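A.B. asks: Protein chains in written order, with our numbering: chain A, 110 to 418; chain B, 15 to 356; chain C, 5 to 251.
If you are wondering where the hints come from, they were derived from the structure by calculation, not from laboratory data.
Worth double-checking, as some hints may not be accurate.
No farther apart than 30 Å at their CA atoms in a straight line, the calculated lysine-lysine pairs in the BS3-like style are these [as the list claims (entries may be wrong)]: (1) C:170 with C:197; (2) A:235 with A:297; (3) B:220 with C:95; (4) A:196 with B:335; (5) C:194 with C:170; (6) C:95 with C:197; (7) C:197 with B:220; (8) C:95 with B:335; (9) A:196 with B:220; (10) B:220 with A:405; (11) A:297 with B:162; (12) A:196 with C:95.
Covered, in the sense of this in silico footprint (three residues per stretch, anywhere, with C-beta under 8 Å from a C-beta of chain B), are these stretches of chain C [said to hold, decoys possible]: (13) 89 to 101; (14) 176 to 186.
Bear in mind that the values here come from a model prediction, so they are computed numbers and not experimental data.
Ideal Cβ positions, reconstructed from N, Cα and C, are used throughout, including at glycine.
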Amino acid sequence: MTTQLALSQLLNGLQLGVLLFLLAAGLTLVFGIMSFVNLAHGSLYMLGAYFGAAAFANTDSFVLAIIAAVGGAGLVGLLLDRFALTKLYARDHLDQVLATFGLILFFNELIRIIWGPSSVFISAPKALGGTIDIGGFTYPSYRFAIIAAGLAVALGLYVLIQKTRVGMLIRAGATNANMVAALGVNIKWLNTLVFALGAALAGLAGVMAGPIVSVQPGMGEPVLILTLVVIIIGGLGSIRGAFFAALIVGVVDTLGRAFMPTIMRSLMERSTADAAGPALASMLIYLFMAVVLAVKPQGLFPANVAATR
Amino acid sequence: MSGTKPSSLWPVAIQWSAPRTVTAVIIIALLAVLPMIASALESSYYVSFATRVLIYALAAIGLNFILGFGGMVSLGHAMYVLLGAYAVAIPASHGVTSGFIHVALAVGVCVPLASGFGAVALRTSGIAFIMITLAFAQMLFFGAVSLKDYGGDDGLTVAARSTLGGLDLTNNTTLYYAVLVTVLLALYLSWRAVLSPFGLVLRATKSNPRRATALGHPIFRYQLTAYVASAVVCAVAGVLLANLTLFASPAYGAWTLSGELIVIVILGGLGTVFGPVVGAIILLALEETLPTLIDATLPDYKSNWMLLLGLFIFFVALLLKRGVFGSLPASVRGERSKPELP
Amino acid sequence: MSALVTHALVKRFGGVLATDHVSLTVEPGELHAIIGPNGAGKSTLIGQLAGEIASDEGSVRVLGVDVSRMPTHQRAQLGLARTYQVTQLAKEFTALDNVLLAVNARAAHNFRFWGNAHDDDAAMQKAATALAIVGMSHLHHAEVGTLAHGEQRQLEIAMALATEPKLLLLDEPLAGMSQGESAAIISLLKSLKGRYPILLVEHDMEAVFALADRVSVLVYGRIIATDTPDRIRENAEVRAAYLGDEA
Numbered sequence: 110m111t112t113q114l115a116l117s118q119l120l121n122g123l124q125l126g127v128l129l130f131l132l133a134a135g136l137t138l139v140f141g142i143m144s145f146v147n148l149a150h151g152s153l154y155m156l157g158a159y160f161g162a163a164a165f166a167n168t169d170s171f172v173l174a175i176i177a178a179v180g181g182a183g184l185v186g187l188l189l190d191r192f193a194l195t196k197l198y199a200r201d202h203l204d205q206v207l208a209t210f211g212l213i214l215f216f217n218e219l220i221r222i223i224w225g226p227s228s229v230f231i232s233a234p235k236a237l238g239g240t241i242d243i244g245g246f247t248y249p250s251y252r253f254a255i256i257a258a259g260l261a262v263a264l265g266l267y268v269l270i271q272k273t274r275v276g277m278l279i280r281a282g283a284t285n286a287n288m289v290a291a292l293g294v295n296i297k298w299l300n301t302l303v304f305a306l307g308a309a310l311a312g313l314a315g316v317m318a319g320p321i322v323s324v325q326p327g328m329g330e331p332v333l334i335l336t337l338v339v340i341i342i343g344g345l346g347s348i349r350g351a352f353f354a355a356l357i358v359g360v361v362d363t364l365g366r367a368f369m370p371t372i373m374r375s376l377m378e379r380s381t382a383d384a385a386g387p388a389l390a391s392m393l394i395y396l397f398m399a400v401v402l403a404v405k406p407q408g409l410f411p412a413n414v415a416a417t418r
Numbered sequence: 015m016s017g018t019k020p021s022s023l024w025p026v027a028i029q030w031s032a033p034r035t036v037t038a039v040i041i042i043a044l045l046a047v048l049p050m051i052a053s054a055l056e057s058s059y060y061v062s063f064a065t066r067v068l069i070y071a072l073a074a075i076g077l078n079f080i081l082g083f084g085g086m087v088s089l090g091h092a093m094y095v096l097l098g099a100y101a102v103a104i105p106a107s108h109g110v111t112s113g114f115i116h117v118a119l120a121v122g123v124c125v126p127l128a129s130g131f132g133a134v135a136l137r138t139s140g141i142a143f144i145m146i147t148l149a150f151a152q153m154l155f156f157g158a159v160s161l162k163d164y165g166g167d168d169g170l171t172v173a174a175r176s177t178l179g180g181l182d183l184t185n186n187t188t189l190y191y192a193v194l195v196t197v198l199l200a201l202y203l204s205w206r207a208v209l210s211p212f213g214l215v216l217r218a219t220k221s222n223p224r225r226a227t228a229l230g231h232p233i234f235r236y237q238l239t240a241y242v243a244s245a246v247v248c249a250v251a252g253v254l255l256a257n258l259t260l261f262a263s264p265a266y267g268a269w270t271l272s273g274e275l276i277v278i279v280i281l282g283g284l285g286t287v288f289g290p291v292v293g294a295i296i297l298l299a300l301e302e303t304l305p306t307l308i309d310a311t312l313p314d315y316k317s318n319w320m321l322l323l324g325l326f327i328f329f330v331a332l333l334l335k336r337g338v339f340g341s342l343p344a345s346v347r348g349e350r351s352k353p354e355l356p
Numbered sequence: 005m006s007a008l009v010t011h012a013l014v015k016r017f018g019g020v021l022a023t024d025h026v027s028l029t030v031e032p033g034e035l036h037a038i039i040g041p042n043g044a045g046k047s048t049l050i051g052q053l054a055g056e057i058a059s060d061e062g063s064v065r066v067l068g069v070d071v072s073r074m075p076t077h078q079r080a081q082l083g084l085a086r087t088y089q090v091t092q093l094a095k096e097f098t099a100l101d102n103v104l105l106a107v108n109a110r111a112a113h114n115f116r117f118w119g120n121a122h123d124d125d126a127a128m129q130k131a132a133t134a135l136a137i138v139g140m141s142h143l144h145h146a147e148v149g150t151l152a153h154g155e156q157r158q159l160e161i162a163m164a165l166a167t168e169p170k171l172l173l174l175d176e177p178l179a180g181m182s183q184g185e186s187a188a189i190i191s192l193l194k195s196l197k198g199r200y201p202i203l204l205v206e207h208d209m210e211a212v213f214a215l216a217d218r219v220s221v222l223v224y225g226r227i228i229a230t231d232t233p234d235r236i237r238e239n240a241e242v243r244a245a246y247l248g249d250e251a
């Protein structure tokens, strides 16, 4: 019974982890290549969920919902890159933080105006509505699908970045943007591509999370902060680091939330433990991050020296 | 050069007839008589609103010390406001109402905590520093949520304002003046510190940390000291905030509040001592008037004023490089005297 | 006692040996120059000596003290002062404030929050003197970002001198200078020679041969010869490895 529980919590952790990876991949690439801090990345995740929910409500098709989310968030990312953020790339991190902080407030309110303050509904595709049974162990198929989709995207990103010319440019850009520009590559175009790709991945994460979280204004911020923790632990600008750190954070956070109350119940009164447990579990990953940074200030898998400026 | 001391090789920083100085003096004078104006208008609301503005200004003065002069972008300073607020609320819930104890507790917890957080955060710099300070603030936020016995998520109300010797803080005007004096004290202290030998090194760590180190300055010590000092100012702001609202909740440490503090500092003018006061006045006045303005034009969207605030902040970051107060000339003749002040 | 002794100093970047078992000395009052083609590892070596770049192997002794594991600021406090090839200044400060920052680095009690830094007459006087030595007395209140390149290079040297150094590391002080500016720096370096032990990394051959007591030639991280300027000029290996390309 406890093995059951532990196993399913572990899978929940992996599932959170792959979602975090989808967000972290874009954020860390954008940081690596443009040295740009995008706090509004969580807003793209939220937009993805809403675009998906809107498409789903109109068509009842989850596939179309995914297309709408990925395309919509990617498009918003493209527009942001081209029209709103270009001037900020050369500015210091403080201005970037401030401007994208403003964008978060803007997008949250925009969503509230269009879709209202309460949460909207999107359900998992019918084919994935059930559970999967492996030798007596059951687990929701949809969550399995998220893990599989996330890993597939991770693999795709790996191929894109390691095996293609565009990927080579992205890697080179993350190490030395000036060098890439000197090679005659249009760095602006590369920036836009990376930014839109990151936005599309965030949108994908949003729509995939839609059926299992509450789709509402402000849903992006808690996820954003977890994502920031991920890319710091992983090492700024490092995709590989983002992948491992996302899984670690997902699992640590989920297991912490699941088992912390139980552990605490043995230490204190039940009601207090039940209330305080989840909150203390939430602190766990930040403690973990502090320990990682205290030991390795560059993160677990530092991408390169330049990106940690 | 006006006001050059005979033995000094340097122009004195304050030029009394400079636009910045004049503006600062006018603002301080207006703040000093504000309760009288409010009572003449029979509108006591303005006193408590102005108190809130000044408390935000105080927290921003704390943040500005490291952000404006040390180049440390902390996106987590609201956590120290949270700490200060709970240093009032928790003892108060046990019947301890002494303001001296509240302040002592706030400072006593803040110093070791900020030293620890600062020591870890300062191992990083730039973007990682921003994010790690944010993460520490989240940690404290969830820590406060976990305090089930003290209201958890909902926070807890404070039965009465702190007692502070002969000062009767239950009187709104008295509380206002107590806050105003604290703000002026913080301004004076940070001004002195910025111009001091310590401040010279602190500003150098912002401008060129590599050079400061190569010259032989142990910059970590300077940065950490500044970080802790700035945290203490925010904790004191938290003590005052709990007194004003008679309430403390995890929301006081929300990362959006940390963001707002940065907005205030930038809006006022990075690297000016008095800027945070101007920034706090502008931001809070905007938050106060925007809903009313929208109500007058598009009543359906009254509750959506944050949309405009978000755009406002975005454009401040994009366009307002030196801030409102920072854009005023600091000297009469256009010669830039460095540590620009109040 | 030698002002500087390095023993078999090594730095690797990935698989590349940037510094290949470098051993050299700077004697009291000596001006020891290091020359070498671009990418020879000169700035890496200076970084290792100053403590900004951690060495993988070997040791560094400054005035008899082993500083191999010492952080940058402590080495500076021992009396090791450096200039940078790419100027490193507090750009928003005035020239005098930059030098004052250097003077204060030697102050026993600089951790003071109260008095105005500009009211410390003794420190201000020292700062003014250092600026005077490099001929910048008229530029006290100029914001550094507005100074000409040559003036910024001079300011670098003024800052190094203001720390009352016991050993000077000068990283290409003539880099990017006009002829006139170079002449001024060269005569400045001549006036410093003998008063401080100096390790001079420089590209300008003429200047090096005119100034140096000894010259070391660094090629691919390795010192291939150390000798008097005249003998270095005659050294066949050096000519082949380096001077040939230049001439």
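A.B. asks: Against each hint, give a clear statement of whether it holds in the structure.
C.D. replies: Taking the hints in turn, this is what the structure says about them:
1. C:170 with C:197: holds (13 Å)
2. A:235 with A:297: Judged against 30 Å, a Cα distance of about 42 Å means the pair is violated.
3. B:220 with C:95: OK: residue 220 (chain B) and residue 95 (chain C) at ~10 Å, within 30 Å.
4. A:196 with B:335: holds (13 Å)
5. C:194 with C:170: holds (17 Å)
6. C:95 with C:197: Holds, at roughly 29 Å.
7. C:197 with B:220: violated (34 Å)
8. C:95 with B:335: Given that 30 Å is the threshold and the Cα spacing comes to 17 Å, the pair holds.
9. A:196 with B:220: holds (23 Å)
10. B:220 with A:405: The hint holds at about 23 Å.
11. A:297 with B:162: violated (51 Å)
12. A:196 with C:95: holds (23 Å)
13. 89 to 101: Check passed, 9 qualifying residues.
14. 176 to 186: It is violated, with 0 qualifying residues against the three required.
Of the numbered hints stated above, those contradicted by the structure are hints 2, 7, 11 and 14, listed in ascending order.
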